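With chain A's structure known, arrange chains B, C and D on it following the hints.
Chains as they are written, first to last, in the numbering used here: chain A, 8 to 246; chain B, 8 to 246; chain C, -19 to 288; chain D, -19 to 288.
Source of the hints: derived by calculation from the structure; they are not laboratory data. What you are looking at is a predicted structure, and each value in this text was computed from that prediction instead of being measured. We put the CB at the ideal spot given by N, CA and C, even for glycine. Treat the hints with care, since some could be wrong.
Stated by the list, open to error - Which bits of chain C does chain A cover? Going by a derived footprint, with three or more residues having C-beta under 8 angstroms, they are:
1) 23 to 33
2) 58 to 64
3) 147 to 160
4) 205 to 215
5) 270 to 281
To be verified - DSS-like mimics (lysine-lysine), calculated; alpha carbons at most 30 angstroms apart, straight line:
6) Lys194/D <-> Lys284/D
7) Lys135/C <-> Lys11/C
8) Lys135/C <-> Lys136/A
9) Lys85/D <-> Lys135/D
10) Lys216/A <-> Lys247/D
11) Lys85/C <-> Lys11/C
12) Lys247/C <-> Lys284/C
13) Lys247/D <-> Lys85/D
14) Lys247/C <-> Lys194/C
15) Lys11/D <-> Lys247/D
16) Lys85/C <-> Lys247/C
17) Lys247/C <-> Lys216/B
18) Lys85/D <-> Lys216/A
19) Lys216/B <-> Lys11/C
20) Lys11/D <-> Lys135/D
21) Lys85/D <-> Lys194/D
22) Lys135/D <-> Lys133/B
23) Lys11/D <-> Lys194/D
24) Lys284/C <-> Lys85/C
25) Lys85/C <-> Lys194/C
26) Lys135/C <-> Lys133/A
27) Lys11/C <-> Lys284/C
28) Lys136/B <-> Lys135/D
29) Lys247/D <-> Lys194/D
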Amino acid sequence: RPELARLCVALGDDALVMSHRLQQWCTNAPELEDEVALANIGLDLLGQARWLYTRAGAVDGTGRSEDDFAFLRSESEFLNVRLVELPNGDFAELVARLLVFSTWRLAVLTRLVSYVDPVVAAIAAKGVKEVTYHRDYAARWCVRLGDGTAYSRERMRAGLDTVWPFVWELFDRAEPDLRVEFDEVLGRVLSAATLAVPTVADRADVLGKVGRDGVHTEAMGYLIADLQSVARANPGAVW
Amino acid sequence: RPELARLCVALGDDALVMSHRLQQWCTNAPELEDEVALANIGLDLLGQARWLYTRAGAVDGTGRSEDDFAFLRSESEFLNVRLVELPNGDFAELVARLLVFSTWRLAVLTRLVSYVDPVVAAIAAKGVKEVTYHRDYAARWCVRLGDGTAYSRERMRAGLDTVWPFVWELFDRAEPDLRVEFDEVLGRVLSAATLAVPTVADRADVLGKVGRDGVHTEAMGYLIADLQSVARANPGAVW
Amino acid sequence: MTATVEEHFEATVAADQRIEPRDWLPDAYRKTMIRQIAQHAHSEIIGMQPEGNWITRAPSLRRKAILLAKVQDEAGHGLYLYSAAETLGADRTELTELLISRRQKYSSIFNYPTLTFADVGVIGWLVDGAAICNQVPLCRSSYGPYARAMIRICKEESFHQRQGYELLMTMMRGTPEQQAMVQEATNRFWWPSLMMFGPPDGDSPNTAQSMAWKIKRHTNDDLRQRFVDMSVPQAEALGVTLPDPLLAWNEDRGHYDFGPIDWSELKRVIAGDGPCNAERVERRRRAHEDGAWVREAASVHAAKESER
Amino acid sequence: MTATVEEHFEATVAADQRIEPRDWLPDAYRKTMIRQIAQHAHSEIIGMQPEGNWITRAPSLRRKAILLAKVQDEAGHGLYLYSAAETLGADRTELTELLISRRQKYSSIFNYPTLTFADVGVIGWLVDGAAICNQVPLCRSSYGPYARAMIRICKEESFHQRQGYELLMTMMRGTPEQQAMVQEATNRFWWPSLMMFGPPDGDSPNTAQSMAWKIKRHTNDDLRQRFVDMSVPQAEALGVTLPDPLLAWNEDRGHYDFGPIDWSELKRVIAGDGPCNAERVERRRRAHEDGAWVREAASVHAAKESER
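Next up, chain A with everything else stripped away, as it sits in the complex (with noise of 0.2 angstroms):
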């Protein structure tokens, strides 16, 4: 059961970080096409975060609802990848950070499919078709900046390496076939984006600790401090 709840967290946390960058994009997207396919993956991943933060406070005995989850926790009790809450940068960045998360997730989730817990299975079974268009979104920016002109090719390849150092942490203490799974879609697409697989070092996690340990960058206190600053300033309010 926790390690059940710990999943859920986990994977809630993911989301919710995710969207909160996508939902910082809102009003920013180089077109209006954009605009919607942005808040649609945003809302998706928000509705993934919701079911599984409910599953968790279901699961863990303290009954916590999503709103416990989201709003009430301190950053060190996030247990999201790095990746989700770096900065935003350009739309090459985010197209680089989005392919690379939704790829991953995607194969995180197809597996979920068949996990012994039916909630999880359910939710699982919902975000596979979701995430599936997400990863195609971002292959598809992939492709045309990558095989678009020299700008957004060199843009391209600069928001991969921004992102590739906090690869390996997605991957950590997973099943290999996993990774083996992502770079093989990884190497599809960027192929087809005519661009290389990024060849930049690694980030050090702190000490053997990482996202999903709850130890974070220190870009993750200024998104909790936006995430939670209305309900925090309301206590007791009710929304």
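For chains B, C and D alone, coordinates are given in the frame of chain A:
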């Protein structure tokens, strides 16, 4: 008494919020000498805010501490002028804002040195010395940038245009001689900087309400969230 | 021939039927229609900003999802509307240029700041409410693509309005601070909402032609009265006071009387010096300019693909 | 002649007196000294970032003022130290270039993130504490300007260390959440603080020459032991557990034994891939580059003034 408390809160809020924007410059200044100077100005203003809040809490009958004022009020209870809360721009914008702010504040504090409340009078007397230095720092930079390179001149002009729409608010409901003094000082500095007085339009109030009425810009909510995040997340903690 | 197509146009409009893109239409009608649709589209897009300001800070995940979905809908509305304008020969990029160079307007209501989470609710209740009053008649616009877009938009706006009102209901049942927040937001948005119907009829030069063309079906003052009559009981149910001491039921008129509107306020905001005009247009400009290389890359890539 | 100045240098150092800028000194000494002072200066400047991260969020105005003043002191230390390096013929701008191009190092401890407000206290207690252990002997450095800068810096650092420890004491008397925050921050900073003394003596090739020149007066391991001996009772007084199960008093040695240090961690962080290396250098680079036009304007203006 309520008027005295209101005066202390308003001047305290101006100082705290301007200090906050200066704190955000920390580690980003163009030279180490400016790191030291900007931190110094931020510290002076923070000190003024602390004295003023303490006085406000003593005279308004609530017994609130300086921290109650800073960390436990909502945005609409902050009475600072909008000028101080604007998002940070480049160094020229900072210089423009600091020049306008400290010229105005110096004129205000100079008059308060003979104020009926002896505590406020003493705070003002100390503040006059400090803000005289702040104004000189800003004026020197304004002249260097205005009468520097073509690029710096253009940045300085743009910086003044950014803050100028909020200048009228500083003199709203004030004695006319305050504005006369301000215009005279600014006129001399801008003339030495070989710059014209900006001609951009005033930024409107919100149906007659401005910063002094607790009606702010959208930037203020984010500033308050940042300022109060740790304090709000740890109710009952003593630091 | 020209006589025939003109007659067809006049007859179609007179019969309350719809002009379609394939039909001939007078240049003045085309221009007026493009301007109307474009300004409506711009309003949807700029209108994303004041509400978008609260998405990351929404204090419950449910409200966050509702708000994000609403702002997404506004982007969608902007898309349909720009498409409708394109059926009249306009170009979306050119219309965007007109917006960011301030040569075309958008609804002035979006030049007010959103200062608390209650503003999200009040915008749903009052601003969407006023927009619906303005827009329901447009579902019968003589221009077909616009009328059809409006049907869909009005349906979604009604949904948003109910959600906004429901948020306020919840907040009014909450803490005293929440109640005060709702009252304060209502105070800030009431008068600007009344101004959303435009200048008083005596001061509205284009109304007669627009009504003849069935682009517009009610006068500004009529719609404003309808909105006031609708809002007063809603405010009562909510428990908030509308900030107008002259607001009172007039038995003779069968309508609520209300106090004089400060038209100088509206003029100043329309002129461009309102509390947020500069930020709103600047944000839209920055997004457009920051996105230029992305759009260019997409078109270069598409050209490469079609060559392959 | 050369023999004489060399003899003077050797004799001055041997007599524990100070070399001054006017004195002749060997090139290798000059180079080593410039590098040492520059790296120390860089550390002060980069060290502003992890603590500066909490200024705007400090949860009391008193702590905010203390923290802002501390970070300001660090900028001041950077200034003295760059000035001391300039007495040896170095140029501040060139040294900054060496920093932002990653050709010169700074203390690796600043490549760890600050994650809660307790980190501010723990940096004061452990990081400043370790820095003081390292720096007190440098007040007797053979190079006069550096020695004098260190006297002033050590005085201020001791003040900072007391303030950091006092913050932790206050937090340990606070809520359980505050206590947990202090423990967690201690867990993150303990081992990196031990690494601040550099590699073990057997692995520290420059130590012998530096000790002969009286640039360095104690070995890394000696200083590290001194720090551990000092910190254990402080941790006890505070009520926090140091994250080392092997930490134990050794009666025979008259010192605390401690567990093995993970030198691969230090190597990785020094190599540049630590948790924050990229952000720290990037921030410093951006400030430097963003400030270029300001510095240029100042020098152009000064030239104009001197012509008048």
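Here is what the structure says about each hint:
no. : hint                  : in the structure
1   : 23 to 33              : holds (count 4)
2   : 58 to 64              : holds (count 3)
3   : 147 to 160            : holds (count 8)
4   : 205 to 215            : violated (count 0)
5   : 270 to 281            : holds (count 11)
6   : Lys194/D <-> Lys284/D : violated (46 angstroms)
7   : Lys135/C <-> Lys11/C  : holds (27 angstroms)
8   : Lys135/C <-> Lys136/A : holds (28 angstroms)
9   : Lys85/D <-> Lys135/D  : holds (24 angstroms)
10  : Lys216/A <-> Lys247/D : holds (17 angstroms)
11  : Lys85/C <-> Lys11/C   : holds (15 angstroms)
12  : Lys247/C <-> Lys284/C : violated (50 angstroms)
13  : Lys247/D <-> Lys85/D  : holds (13 angstroms)
14  : Lys247/C <-> Lys194/C : holds (27 angstroms)
15  : Lys11/D <-> Lys247/D  : holds (24 angstroms)
16  : Lys85/C <-> Lys247/C  : holds (13 angstroms)
17  : Lys247/C <-> Lys216/B : holds (17 angstroms)
18  : Lys85/D <-> Lys216/A  : holds (25 angstroms)
19  : Lys216/B <-> Lys11/C  : violated (39 angstroms)
20  : Lys11/D <-> Lys135/D  : holds (27 angstroms)
21  : Lys85/D <-> Lys194/D  : holds (22 angstroms)
22  : Lys135/D <-> Lys133/B : holds (28 angstroms)
23  : Lys11/D <-> Lys194/D  : holds (15 angstroms)
24  : Lys284/C <-> Lys85/C  : violated (38 angstroms)
25  : Lys85/C <-> Lys194/C  : holds (22 angstroms)
26  : Lys135/C <-> Lys133/A : holds (28 angstroms)
27  : Lys11/C <-> Lys284/C  : violated (36 angstroms)
28  : Lys136/B <-> Lys135/D : holds (28 angstroms)
29  : Lys247/D <-> Lys194/D : holds (26 angstroms)
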